[in-house]
Amino acid sequence: MGIIGNWVESLDYEFEILQERCVRHKSPLSGCEKCAEACGEEAIVFSDGKPAIDAECCTECGDCIPACPVEAIAGILPSKNFDKNKLVAEGKPPTVKELLAYRAKGITEIAAGPSGCEPGWHASVSAADVVLTGLGMEPFRIAAKEEMDHSCSRRELFSLWKDEGRTLAKQLAPAKWRFNHSQLNLSELYSGRQFYSVEVDFNACTLCKACAALCPRKCFTIDSASFYINSQTCSGCGLCVDVCMEGAVRVIDEPGAAKNSQVPVHQSTCIDCKTSFLSLSADLEKCPVCSKRKEGFLRSQSC
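Residue numbers (this note's numbering): 1 to 303.
Some hints could be false.
Said to hold, decoys possible - Distance windows between CB atoms, simulated:
1) GLU188 <-> SER226: 36 to 44 Å
2) CYS273 <-> ASN203: 52 to 60 Å
3) PHE202 <-> ALA55: 40 to 48 Å
4) GLU118 <-> GLU33: 23 to 31 Å
5) ALA104 <-> THR221: 20 to 28 Å
6) LYS286 <-> ALA257: 38 to 46 Å
7) GLY256 <-> CYS57: 18 to 26 Å
8) THR221 <-> ALA257: 15 to 23 Å
9) TYR228 <-> LYS92: 17 to 25 Å
Hints in this document: simulated from the structure, not taken from any laboratory. All residues carry an ideal CB built from backbone N, CA and C; glycine is no exception.
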């Protein structure tokens, strides 16, 4: 980042939680606490189950931004240093998610010192390499860091300010010009690949459609003909697991080629209440509500 860019980054832009994205705001059943778990300052507080950022405690370190699986936290990520097309291994180590985002944008090498990456960087890069291997991609290469000359003449300085000013003018609308949701959605950055696998126990599923209604990534599509699962868009927020009353949904880490599954949906008429219902079994005779009632429930209510 250049001189003006560093100045803009130093401005006080408070982080905020985008309620329309946060899974805690979508459903009280959500148990997601990933932003709070990542915050070393305990600046994420919960009120009525919904997270908020305590501005007095927040140091704007940016740890919560990549931790959120649905990009619900807006703010400015700390800048990283680059040597041509290499990410320089100095300063605070990036998260695995950040490294994968950089890789999708063309960064394939990490520039380290003579002794290699520092322990924190080594751990992050190694974890990212595991994911890349699962995706069928080459791991990051570790390259020697070259000395970079940051000096410039007076004429070069004014030229730099002029050029950066033009670029920055485009970036400053709105003022918070670097948003996490435009940077870290891995499913958009890696078309044709998935990072999680969504599995449904079709024997336990009652087709209540809660997962389809609440999934922020639209992984589920349920209609009168089929139940379709698209794991490619899953970001691992776990909301589908939390809202499924039958415990029929699982989300597991499984980077690889994108996979989907589809099963037929059947329409039947309940032999007890006579209402029409959808099921995943052509042989089911009772709707989910009647199936859970005790034997003789309707007769006892009519006496």
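Outcome of the hint check:
no., hint, in the structure
1, GLU188 <-> SER226: 36 to 44 Å, "25 Å, violated"
2, CYS273 <-> ASN203: 52 to 60 Å, "22 Å, violated"
3, PHE202 <-> ALA55: 40 to 48 Å, "46 Å, holds"
4, GLU118 <-> GLU33: 23 to 31 Å, "29 Å, holds"
5, ALA104 <-> THR221: 20 to 28 Å, "26 Å, holds"
6, LYS286 <-> ALA257: 38 to 46 Å, "39 Å, holds"
7, GLY256 <-> CYS57: 18 to 26 Å, "39 Å, violated"
8, THR221 <-> ALA257: 15 to 23 Å, "20 Å, holds"
9, TYR228 <-> LYS92: 17 to 25 Å, "41 Å, violated"
The structure does not agree with the numbered hints 1, 2, 7 and 9 stated previously, though it agrees with the rest.
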